[in-house]
Each structure stands twice: as C-alpha cells, then as structure tokens.
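Numbering (our numbering), first residue to last: 1 to 419.
One should not assume that every hint holds.
Label pairs and their in silico Cβ distance ranges [to be verified]:
1. 221 <-> 44: 46 to 54 Å
2. 290 <-> 78: 30 to 38 Å
3. 79 <-> 197: 20 to 28 Å
Each computed DSS-like pair below joins lysine-lysine, with the alpha-carbon atoms no more than 25 Å apart [said to hold, decoys possible]:
4. 246 <-> 89
5. 298 <-> 89
6. 298 <-> 21
7. 298 <-> 278
8. 21 <-> 73
9. 51 <-> 278
10. 278 <-> 246
Honestly, the hints are just simulated from the structure, not real lab data.
For clarity, every value in this text was computed on a predicted model and none was experimentally measured.
Cβ atoms here follow ideal geometry from the backbone N, Cα and C, with glycine treated the same way.
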Amino acid sequence: MFQAAGCWAQKARELDRYRWKLLRERHGRCGSLLRLVRDVLVDVAVGIRAKACLSGSVVSAPCEVLLLHSAPKSMALQRKNILIEGLRKRGHHLTEAALRSPSDACAQRMLLAPPQPVPLRYLVYAAHAQWLVTTYSPKVLINERNGSLHAPFLRLALAARGARLLQLAHATTLESSRRLGMNDYDYYGVFGHSSLVALQERTLRFGESTVVLIGSYLADETYDLPVADPALHTLLILGVGPDREKEPGYQRTYQLLRTWAEQHPHYRVLFKRHPRSKAQFWSDAAAQLANIDLLDSKCSLADALAQASVVVNIMSNAGIEAGLAGRPVIHVNAGSDVDIFSHSLFFGPQVRDEHEFSRQLQALEQDYPGHVAQARRFADYHLVYGSQGLAKTIQLVDNLLRGADPARDFETFRLSAAG
Numbered sequence: 001m002f003q004a005a006g007c008w009a010q011k012a013r014e015l016d017r018y019r020w021k022l023l024r025e026r027h028g029r030c031g032s033l034l035r036l037v038r039d040v041l042v043d044v045a046v047g048i049r050a051k052a053c054l055s056g057s058v059v060s061a062p063c064e065v066l067l068l069h070s071a072p073k074s075m076a077l078q079r080k081n082i083l084i085e086g087l088r089k090r091g092h093h094l095t096e097a098a099l100r101s102p103s104d105a106c107a108q109r110m111l112l113a114p115p116q117p118v119p120l121r122y123l124v125y126a127a128h129a130q131w132l133v134t135t136y137s138p139k140v141l142i143n144e145r146n147g148s149l150h151a152p153f154l155r156l157a158l159a160a161r162g163a164r165l166l167q168l169a170h171a172t173t174l175e176s177s178r179r180l181g182m183n184d185y186d187y188y189g190v191f192g193h194s195s196l197v198a199l200q201e202r203t204l205r206f207g208e209s210t211v212v213l214i215g216s217y218l219a220d221e222t223y224d225l226p227v228a229d230p231a232l233h234t235l236l237i238l239g240v241g242p243d244r245e246k247e248p249g250y251q252r253t254y255q256l257l258r259t260w261a262e263q264h265p266h267y268r269v270l271f272k273r274h275p276r277s278k279a280q281f282w283s284d285a286a287a288q289l290a291n292i293d294l295l296d297s298k299c300s301l302a303d304a305l306a307q308a309s310v311v312v313n314i315m316s317n318a319g320i321e322a323g324l325a326g327r328p329v330i331h332v333n334a335g336s337d338v339d340i341f342s343h344s345l346f347f348g349p350q351v352r353d354e355h356e357f358s359r360q361l362q363a364l365e366q367d368y369p370g371h372v373a374q375a376r377r378f379a380d381y382h383l384v385y386g387s388q389g390l391a392k393t394i395q396l397v398d399n400l401l402r403g404a405d406p407a408r409d410f411e412t413f414r415l416s417a418a419g
C-alpha cells in the first residue's frame with residue numbers, strides 16, 4: 001500500500017517530542033536536557049552498530065497471525081498458551097516470536113533496512129520492526145509490550161502491507177506507568193471500561209488507536225465456579241511480582257499475613273505466586289507453619305480459586321478473576337500504594353494490620369452471599385464479557401483477519417494523542 005514520503009522520519013520526530021515530554025514530567029528543564037543528550041548519544045551509538053549489522057535479506061516464514069512476546073523470557077513463561085491454542089483451533093496459522101533488545105537484534109542481525117530513511121538514533125527500532133514484518137508477513141500482529149519504541153515502526157511496516165497491529169492488554173491499564181502513554185496501534189484491546197477511562201485520563205499519549213473492549217484473554221469457562229462454602233476457612237493470597245516483593249511496603253504486607261496465619265492455625269492459607277517470583281518468603285513460611293501451603297507454580301489461577309473460600313489481594317490483576325469466580329476479596333496492603341483497582345468501592349477499607357484483617361474476615365463470613373455478589377460486581381467493573389474474554393479475543397482476531405470492522409461486534413472508542 002502507498003505510504004507518504006517521509007512518514008517514517010516524521011514518526012521519529014514525533015517520538016523525539018514525546019520522549020522530551022516524558023522527561024519533563026519528572027525533571028526540570030536542565031535535568032531533562034542532560035538526560036536527553038545522554039539518551040541521544042546512546043541511541044546514535046546503537047544506530048551506528050545497527051547500520052553495520054543490517055541484513056541483506058531474510059528467511060521468509062509467513063503466517064496469518066504473529067504473536068510478538070515482549071522478550072524471550074516472556075515467551076518462555078508460556079502465559080499465552082490458552083490464546084495460542086484457541087486461535088490455532090480456529091484454523092489460523094499462528095507463529096510466536098519475541099521482541100529483541102537493541103543489542104540482541106544487532107548481535108543476531110535481526111535487522112532489515114526500512115523502506116524510508118529514519119534518523120540514526122531510531123534505526124535499530126525501525127530496522128528490527130521491518131525485519132519482523134518482512135520475515136513473518138502477518139495479516140495481524142499481536143503485540144504485548146507496553147511503551148515499546150518499536151510499536152510505531154511496527155505499525156508503519158504493517159500498514160505498507162495492508163496488515164494490522166493489535167496491542168493486547170495482559171492486565172488492566174490502571175497503573176501510572178509511563179509505558180502506558182504509548183498509544184500508536186491500529187487496535188488496542190483492553191479489559192473493560194475502567195481501563196478505557198484510565199487511558200482517556202492520561203495527560204500524555206503518543207499516537208492514536210481504536211480501543212476495543214474485549215475483556216481478558218486469560219478468562220474462560222474455568223472461572224465459572226460454584227459458590228464456595230465459607231466453612232472451608234481457606235484463604236488464597238495472590239502474590240505480587242518479584243520487583244514489588246523487594247519493596248518495604250510489600251515485605252510488611254507479607255509479614256502481616258504470615259503473622260496472622262500463625263495466630264489463626266484453624267485457617268488454611270494458600271499462596272499463589274506471581275509467575276516470575278521464586279516466592280522465597282512463602283516457601284520459608286510454609287516450611288515453618290503447618291497451615292500455610294505454597295501452591296505449585298504449575299497450579300492455574302482457576303484451580304487455586306477453586307480451593308479457596310476467600311481471596312487476599314495485595315496488588316494483583318488476578319483479584320479481578322477472583323471476583324469473576326465468585327470469591328470474596330479482602331484488600332490487604334501495608335504500604336503506601338494507591339488502590340488502583342478501587343477495592344474500597346466493593347470490599348471496604350484497605351487492611352493495614354492484623355486486627356482489621358480479622359474484623360473484615362468476620363464480617364465477610366457473616367454475610368458470605370452478599371460478599372460473593374460484591375465480588376462479581378467488582379469483576380464486572382473491570383472486565384467486560386466475564387468468562388467469555390478468551391472467546392471474544394479470538395473473535396476480534398477473526399474479524400481483523402477477515403477485514404471486518406470490530407465496531408460491528410464490540411464497543412470501540414477512538415483514542416487520540418494527548419499532551
């Protein structure tokens with residue numbers, strides 16, 4: 001398809017302005033200028049290397065759908081297997097690949113000269129995007145990485161072939177992370193209305209996209225669980241990622257919950273680790289206390305929820321799936337984080353000590369059906385289509401492959417650049 005002359009270089013200039021505004025959000029003018037100069041020097045040095053590492057050709061491996069993981073490590077976690085299997089069962093030819101860092105892309109010569117000139121400082125991003133699109137020739141590319149500087153160039157490379165870039169949210173978009181300012185996609189599949197509002201309220205956004213409310217591709221019928229018996233007295237703690245586990249506030253939260261479990265041996269406490277966490281704290285706790293169990297890393301979230309009567313959420317998107325499964329939630333966080341999931345609208349105030357935890361648990365058990373209903377409302381607040389999220393995600397990809405307008409089957413919203 002025809003592309004206007006200079007559109008790749010124009011995109012680079014727009015990225016320059018966006019990156020400057022990102023710096024100004026956190027630093028003064030002088031501090032931002034120094035950091036910008038540093039970043040440009042690094043990018044130019046990488047660009048020089050990238051120019052020397054450009055490939056003259058690629059080994060073609062065409063597919064219908066390219067699922068682009070954020071990194072090789074993310075690909076190894078196999079968290080998207082449920083989506084991959086669903087798309088392949090529909091008969092689609094899907095290939096997986098991983099976005100490479102600039103150094104890896106250069107070392108492995110996964111670079112192809114873009115069809116139009118780009119400034120040297122963006123060459124490695126544009127050339128890697130061109131290499132991916134030329135190698136796999138997808139009709140739809142599903143991207144998962146937030147904030148990637150590759151995204152605008154992936155979109156340009158795909159547009160030249162009449163293909164589409166679908167950004168697929170793997171979590172709500174409620175965080176304040178600057179990565180969520182990147183908005184240069186053809187379509188942006190998000191969990192629900194709360195995620196849409198959070199994106200709309202951001203004061204700085206790069207690019208424009210069509211947001212599609214599709215729910216979570218991780219949600220399927222396995223979350224349609226029967227209501228638990230409150231007499232089960234089994235709590236499921238949803239762990240946080242390894243980066244957060246190092247922070248004092250989360251360490252205090254873990255200690256609070258361990259202390260409570262030690263004081264209440266008649267309650268069984270299960271811990272569901274984050275996929276990237278080694279869960280050393282809870283491994284030690286399980287070895288010391290008979291009523292604490294560290295679930296196997298292969299235990300699915302749905303299976304974990306099936307064993308519990310109450311869920312303890314600290315700061316995890318999995319709390320939404322808990323609501324979907326009809327498991328009442330208690331929000332515990334001894335740190336200073338903002339309650340981005342709005343737990344307090346549904347479950348009461350944030351728990352910061354053992355006494356308040358016991359009080360909320362007792363109130364929950366006295367009106368278990370009412371709290372189950374609140375849990376389901378919590379899920380509906382964040383998640384459209386409930387347990388049909390996987391099916392709806394597959395339907396969206398089907399529509400894009402057929403060239404059908406997603407607005408025929410989904411709620412869609414135009415999200416423009418801002419700032």
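We went through each hint and held it up to the structure:
1. 221 <-> 44: 46 to 54 Å: About 52 Å separates the Cβ atoms of residue 221 and residue 44, which means 46 to 54 Å holds.
2. 290 <-> 78: 30 to 38 Å: holds (33 Å)
3. 79 <-> 197: 20 to 28 Å: holds (26 Å)
4. 246 <-> 89: violated (41 Å)
5. 298 <-> 89: holds (23 Å)
6. 298 <-> 21: The given pair, whose Cα atoms are some 42 Å apart, is violated under the 25 Å limit.
7. 298 <-> 278: Since the Cα atoms of residue 298 and residue 278 sit roughly 13 Å apart, the hinted pair holds (cutoff 25 Å).
8. 21 <-> 73: violated (30 Å)
9. 51 <-> 278: violated (40 Å)
10. 278 <-> 246: The given pair, whose Cα atoms are some 12 Å apart, holds under the 25 Å limit.
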